[in-house]
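Peer 1: Assemble the dimeric complex from its two separately framed chains, guided by the hints.
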Amino acid sequence: DVKVTQSSRYLVKRTGEKVFLECVQDMDHENMFWYRQDPGLGLRLIYFSYDVKMKEKGDIPEGYSVSREKKERFSLILESASTNQTSMYLCASPSGTEAFFGQGTRLTVV
Amino acid sequence: QQPVQSPQAVILREGEDAVINCSSSKALYSVHWYRQKHGEAPVFLMILLKGGEQKGHEKISASFNEKKQQSSLYLTASQLSYSGTYFCGQGVNSNTGNQFYFGTGTSLTVIP
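Sequence lines, in order, name chains E and Z.
Just so you know, we're using our numbering here: the first sequence kicks off at 36 and counts up by one.
Just so you know, we're using our numbering here: the second sequence kicks off at 426 and counts up by one.
Simulated from the structure, these hints should not be mistaken for laboratory data.
Any given hint might turn out to be false.
Stated by the list, open to error - Computed spacing ranges between beta-carbons, pair by pair:
#	chain 1	residue 1	chain 2	residue 2	range
1	Z	His463	E	Thr50	38 to 48 Å
2	E	Glu104	Z	Gln433	36 to 46 Å
3	E	Gly131	Z	Ile536	29 to 39 Å
4	Z	Gly464	E	Ser115	41 to 51 Å
5	E	Glu97	Z	Pro537	40 to 50 Å
6	Z	Pro432	E	Lys88	33 to 43 Å
From the three backbone atoms N, C-alpha and C, an ideal C-beta is built for every residue, glycine too.
In isolation and in its complexed conformation, chain Z is listed as follows (with noise of 0.2 Å):
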């Protein structure tokens, strides 16, 4: 059940943009976007919570595909601070409640 993330890694130079795919073969309500720098606990980004709505975030933004059951992640002019791994995660409606499934990771490096 869990999501598959593209690419597995990517590498720009300051400045660069970059895309971010998400994609699961459940149906979605929510998607939420992480970012993990090393050694730490992985943060909020944003949520989307509604099929085809677009949320920004500074220069990362994303947006949310409910038929195709994908998201991106968008992240544009990127800087140094934007390097990590980037995790997306999807709420999965059950009869036990919310259950959250985190994707296979991108690990983005960003170089001056």
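One chain only, chain E, in its complex shape (with noise of 0.2 Å):
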């Protein structure tokens, strides 16, 4: 069974906070993408990385950075936490016909 795996379903962090959420996927997928989803915003690209250690911008790239130092990891890192991050993030790892989604993360910046 094809998995994606996102650490925390819930995470409360403060303003200013370094956070890092991570995504493994145990499918050898070459693709892992980072999405934010918010209401009447749809699902919007942060990030995404089509090999270890090589990555490129989405639609949203600014204030997070993202790490793939493994072909099974991906991580998003938020530099300094704001409340405008406060959002559902989502990582997907698409095969070539479909994209596998993880449960999502609840992030709340306080």
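Peer 2: Here it is as structure tokens:
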């Protein structure tokens, strides 16, 4: 059973903290993606990676960075969390024909 | 680069039909459709790979107009289980691989 696993379902962090969101896939896929989901705005692409140590900016990369040191793991980093980064974060790993999603991390920045 | 979906929200009675549209400003090589139940991850419904292709999945089908860079999802004789948020996903080919952009979402509620 294919799986994309995000390390936390819920997180509460303080403004200014450095936050790490982890995503692991067991499908040996090359591509991995990070999205944030907000009401009325759908899924917006933050960053994606097409290979180990390779990354590309999506539509809304400001305030975020990523790390891909191993093929199965793709981390999203909020360098200094702000309240406008309160959101649902979804990791996805596509095959050629379908995207597999993690369960999401609901991040609240207070 | 995010595809735009319409309508943003729709409420149906059981048995009614609905159409969800998805349009892109980019040339496409594929269109995906997903449904997300509240509190769950989006789940893949279908992919369309060729222009003009129509695919079906139970009473849910979709079409893809490559020239117009549009896709539509058709839900016929809707059931309560169809409620959720629907996303189109569009594959964009680039020199760094296949990028996936998802639409703004359509909230569909089916009521008895």
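Peer 1: For each hint, tell me whether it holds in the structure or not.
Peer 2: Going through the hints against the structure:
Between His463(Z) and Thr50(E) the CB atoms are about 28 Å apart, so this pair departs from the stated range of 38 to 48 Å. Checked against the given bound of 36 to 46 Å, the beta carbons of Glu104(E) and Gln433(Z), roughly 39 Å apart, stay inside it. The beta-carbon spacing between Gly131(E) and Ile536(Z), approximately 38 Å, falls within the hinted interval of 29 to 39 Å. The hint said 41 to 51 Å for the Cβ distance between Gly464(Z) and Ser115(E), and at roughly 29 Å that hint is violated.
Range check, Glu97(E) to Pro537(Z): about 45 Å between beta-carbon atoms, so the 40 to 50 Å window is met. The hinted range of 33 to 43 Å is satisfied by Pro432(Z) and Lys88(E), whose Cβ atoms lie roughly 42 Å apart.
Checked against the numbered hints given earlier, this structure breaks hints 1, 4; the rest are met.
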